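Visitor: Let's have the full structure, built from the sequences with the hints guiding it.
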Amino acid sequence: MELLEALSAKFNYWIYVIIMMIGLYAMISKNNLVKKLIGMSIFQTAIILFYVSIGVKEGDTIPILYHDQVHPSHGDSHHEADTGHGEDHHPSHEEIVANLHIEPDDFANPLPHVLMLTAIVVGVATLGVGLALTQKIYRDFGSIEENEILESIKSAK
Amino acid sequence: MKSFALIAVVLTGWLLLSAVSDFPDWGDTESPANDYRLSQHYITETFPETSVPNMVTAVLADYRGYDTMFETVVIFVAGIAIMSILRRKPLDHLKDKGKETRTYKKDPDLIIDTTCRLMIPIIQLFALYVVAHGHHSPGGGFQGGVIFGASFILLALSRDLQAAQRWVPEKRVLNLAGIGILIYSGFGFACMLLGSNFLDYEILHKIMPATPIEARSHSMLGVEIGVAFTCTAIMFSIYSNLASNGDMKETL
Amino acid sequence: MIDQSPAIILLAPFLLAILLALLGIKREWLCFPLVITGLAISVAASVVTLMRVIDEGTIQYLFGGWEPPFGINLRVDGLNALVALAVSTVSLLTAIYSKRAVPAETSDKVSQFYTLYLLSVTGLLGIVLTGDAFNLYVLIEISALTSYALIGMGSKRATLAAYKYLIMGTIGASFYLLGVGYLYIKTGSLNMYDIQEQIVANDLLGSPTILVAFILIMVGVWIKMAFFPLHAWLPNSYTFGPSTTSTLLGPLVTKVMIYVMIRMILTVFSPEFAFDQLDWSNIIVWMSVIAILAASISALAQTSLQKMLAFLIIAEVGYMVGGVWLADEMGIVGSIYHIIADAFMTLCVFLFAGIIFTKTGRRDLSAMEGLFTKMPLTMVGFLVGAFSLIGIPPTAGFFSKWYLIQGGISSGHYEYVAALLISSLINAVLFFRIIEIAYFGTKPAEGHGHHHEEERKDGPTEASFSMLFPLLITAALLIGIGLYNQEVVAIITDFVSQFNIGATIL
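Protein chains in written order, with this note's numbering: chain A, 1 to 157; chain B, 1 to 252; chain C, 1 to 506.
Be aware that a few hints might be false.
Think about it this way: if two alpha-carbon atoms lie no more than 30 angstroms apart in a straight line, the pair counts; the simulated DSS-like pairs of lysine-lysine are [unchecked claim]:
| # | chain 1 | residue 1 | chain 2 | residue 2 |
| --- | --- | --- | --- | --- |
| 1 | B | K2 | C | K99 |
| 2 | A | K154 | C | K164 |
| 3 | A | K30 | C | K164 |
| 4 | A | K154 | A | K10 |
| 5 | C | K164 | C | K374 |
| 6 | A | K35 | C | K164 |
Cβ-to-Cβ under 8 angstroms is the rule here; a few derived chain A residues that face chain B [unchecked claim]:
| # | residue |
| --- | --- |
| 7 | F11 |
| 8 | I15 |
| 9 | S29 |
| 10 | N32 |
| 11 | T45 |
| 12 | L49 |
| 13 | K57 |
| 14 | E58 |
| 15 | P91 |
| 16 | P110 |
| 17 | Q135 |
| 18 | K136 |
Everything labelled a hint here was simulated from the structure, so no lab data went into it. Just so you know, these numbers come straight off a predicted model, no measurement behind them. Heads up, the beta-carbon is just placed ideally off N, CA and C, and yes, glycines get one too.
Guide: This is the structure in structure tokens:
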């Protein structure tokens with residue numbers, strides 16, 4: 001079935017959207033201020049997972065070049081200044097680049113990782129400010145249930 | 001309210017999923033995002049252009065360094081915001097001038113205290129390693145800064161807030177955070193003063209003993225150190241403000 | 001140095017914010033000079049950039065020396081430069097006003113307030129100038145986080161308003177982020193101009209992903225600009241926060257979000273897609289008509305001055321969204337001109353409300369009794385702002401309504417024209433009510449008059465120079481922008497005409 005095929009090949013998107021909607025529902029409908037913030041955290045985490053899953057490639061590894069790609073230890077380095085470090089001849093940067101061969105499909109796409117570093121930080125910052133506001137509200141109103149706070153505002157008028 | 005929320009959530013979910021049939025499959029190497037010249041350039045040209053093997057750090061600190069600077073500012077803003085919302089001077093009768101008092105917490109538990117005393121220096125050493133090796137292994141300024149800040153939080157948890165504040169009193173925290181961002185923008189302004197654009201590290205080879213490409217690598221390390229300073233300071237500041245409810249006297 | 005001018009616009013307040021955070025805690029006398037220096041440099045740089053754009057056309061500034069899309073760039077054209085100039089000028093005027101207000105209202109946190117103030121302005125300027133879609137998200141979050149904190153520093157009710165703003169603002173920004181993610185999945189690029197090229201090159205205009213991305217970005221930006229019915233966060237936030245906060249955020253945040261909407265429609269998704277392919281002009285123009293009318297009627301029912309002004313902001317947002325979605329060249333020109341005019345109009349009336357609050361300590365409308373005699377210059381400033389909001393020549397508000405009405409007629413959306421005229425009438429009722437209270441005083445004025453003459457020494461005297469000066473400058477600017485509207489509209493029309501919007505037949 002087409003639906004089954006859509007589900008299995010793109011299951012990652014389905015999962016993340018469902019988690020996002022759970023978070024969004026908590027943000028809108030819960031009465032307790034802290035529960036809303038937990039919903040916000042779930043929502044933002046699902047967005048982060050969504051982005052990272054875009055950059056996955058079949059059979060790839062982390063987006064860092066292999067050690068022996070950037071420090072070729074044997075073969076075509078013909079510096080005679082062998083300082084006795086074993087195979088560490090310190091070839092120059094140009095030589096390494098000239099002999100470098102990188103297969104793009106070996107490495108995961110680095111761009112979503114970079115974007116999500118930023119998004120994680122922004123999420124933490126917003127959560128921190130939200131919790132500080134919640135603490136101040138508790139200090140001022142004595143409750144963190146939204147309906148109780150609105151009642152106390154109405155009765156204080 | 002709940003039924004309205006449910007309808008809104010279902011509608012949004014349906015909207016988001018309606019495009020899924022158009023998306024590339026999981027793990028597709030030919031997808032537009034993976035195939036486009038942007039990612040290809042980042043994967044193949046990072047090492048020739050910046051001599052840094054870790055592509056994520058290179059993109060973060062060099063190609064999109066402007067974005068990262070503002071990310072650091074976000075952390076800084078969060079710290080200042082929480083401080084400005086919550087912080088209050090303790091009431092007069094609770095103020096003890098000039099006396100380091102530990103009367104707010106019971107005596108530290110022996111097992112926890114000993115374990116943390118052994119762990120904390122190792123955690124800090126590891127944090128420094130993560131910052132310094134951001135070019136060659138997963139790591140960088142944010143990660144290392146958070147780990148370092150966590151070591152202070154561990155100290156505050158195992159003993160009490162005063163013990164941790166002897167290492168990072170409030171004034172020093174703010175200074176550290178500000179100096180971190182000044183280091184980052186200092187690199188940028190140095191580039192501007194030497195005649196190039198903001199954050200164009202290549203021009204810094206005139207004041208560094210390195211080739212233009214290596215100057216990029218060294219500047220990346222410099223800005224990552226700035227980011228680590230800010231992260232450390234603000235992590236601890238957020239913890240101390242939230243946990244002590246603004247008083248800075250006692251925590252959980 | 002001249003070719004660094006786009007970057008200096010936002011680096012000057014940024015650098016001075018950090019210096020303020022470091023130096024200002026112990027030395028409070030340093031805060032005000034640092035703020036004024038930063039914003040003055042920013043205004044100068046934006047004037048230079050505007051001159052450069054008029055001479056050379058679109059200018060680009062590459063951060064890190066990398067060409068887009070590999071690096072981030074600032075892309076400044078006619079639209080950007082004008083809005084950046086408006087933002088920096090409004091911030092400078094508000095900063096001058098704040099010299100008295102901030103120590104009075106948030107006395108123990110002056111340096112933190114000013115740090116957040118400058119960082120908020122940096123965020124807004126960054127949103128206006130950037131050319132990269134993900135960078136826009138980071139800067140939206142900076143301006144949002146600083147706004148939450150600036151509002152939360154007010155009274156008790158302000159904290160609850162800030163919390164509600166936080167929840168709704170995060171939903172809006174996250175929808176925007178999701179929209180950018182959908183665009184990235186399909187095009188692989190993050191640079192605004194490059195996304196446009198990729199959409200055209202890969203012929204993606206019909207794909208459902210791009211459609212969903214457009215909807216997500218639009219809804220996210222609508223939440224952040226308080227487009228009815230997603231406006232619930234705005235009235236309380238701008239009423240209970242400190243008066244400087246409302247004066248800074250009220251004129252700027254919603255207008256910058258409208259700029260984001262225009263930029264997304266024109267540069268990222270081309271006007272052909274937004275206006276021809278999706279035939280939503282009718283629906284959205286009707287939505288904005290409802291927004292204008294609902295907000296204006298709610299404003300009539302308010303007794304607090306700042307809440308009334310907050311609802312007027314929501315009505316103005318309705319004007320601009322409707323003006324853009326008329327799918328007509330004159331409509332978009334009118335909307336862009338209205339962004340600039342409205343920033344100054346709203347600044348004018350919010351400055352007035354702040355002065356009233358500082359002098360009398362009260363927020364309700366009856367605090368303005370007999371002010372014509374006691375504070376004549378303040379009332380003159382307020383009159384210019386009020387006339388501009390109503391739409392009386394030669395103020396800028398008249399000309400912006402003129403262009404919007406022209407757009408409405410030429411695109412055939414007469415309901416929009418009707419809504420504009422009705423809301424101008426309602427504004428007239430609102431403001432003449434205030435002018436009447438201020439000039440004549442209401443019946444029980446005798447008892448009240450004596451009462452609040454004892455509150456401050458000799459009753460409210462004329463506002464101090466630091467508060468009066470920005471108000472009068474703003475009033476002068478409103479008249480100036482109105483009289484020189486031809487020049488401003490020429491720059492805007494230059495920018496808009498490259499998109500061939502009028503050529504499409506509805």
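Visitor: Mind checking the CB of A/P91 against every CB in chain B and telling me if the closest is under 8 angstroms?
Guide: It is violated, given that the least Cβ distance between A/P91 and chain B is near 12 angstroms, above 8 angstroms.
Visitor: Given A/F11 was flagged as interface, is its beta-carbon under 8 angstroms from a beta-carbon of chain B?
Guide: Result: holds, 7 angstroms to nearest chain B Cβ.
Visitor: Classify the hint on A/K136 as holds or violated, based on whether any CB of chain B lies nearer than 8 angstroms to its CB.
Guide: For A/K136, the interface hint holds, since the closest Cβ of chain B sits about 5 angstroms away, which is under 8 angstroms.
Visitor: Given the hinted pair A/K154 and C/K164, is their Cα-Cα distance within 30 angstroms?
Guide: Roughly 17 angstroms separates the two Cα atoms, so the pair holds.
Visitor: Hinted pair, alpha-carbon criterion (30 angstroms max): A/K35, C/K164. Please report holds or violated.
Guide: Status holds; Cα separation ~13 angstroms.
Visitor: Does the nearest C-beta of chain B fall within a distance shorter than 8 angstroms of the C-beta of A/K57?
Guide: 5 angstroms, holds
Visitor: Verify the interface restraint on A/T45: the C-beta must sit less than 8 angstroms from at least one C-beta of chain B.
Guide: Hint on A/T45: violated, closest Cβ of chain B at ~16 angstroms, above 8 angstroms.
Visitor: Is the interface hint satisfied for A/S29? The criterion is a beta-carbon contact with chain B at less than 8 angstroms.
Guide: 4 angstroms, holds
Visitor: So, A/E58 near chain B? Judge it on the closest CB pair being under 8 angstroms.
Guide: 4 angstroms, holds
Visitor: Does A/Q135 pass the interface check with chain B, least Cβ-Cβ distance below 8 angstroms?
Guide: With Cβ-Cβ at 6 angstroms, under 8 angstroms, it holds.
Visitor: Checking hints one by one. Is A/L49 an interface residue toward chain B, by the C-beta closer than 8 angstroms rule?
Guide: Violated, about 12 angstroms.
Visitor: Could you grab the alpha-carbon distance between A/K154 and A/K10 and see if it respects the 30 angstroms cut-off?
Guide: With Cα atoms ~50 angstroms apart, A/K154 and A/K10 exceed 30 angstroms; violated.
Comparing the model with each earlier hint shows violations of hints 1, 4, 5, 8, 10, 11, 12, 15; every other hint is respected.
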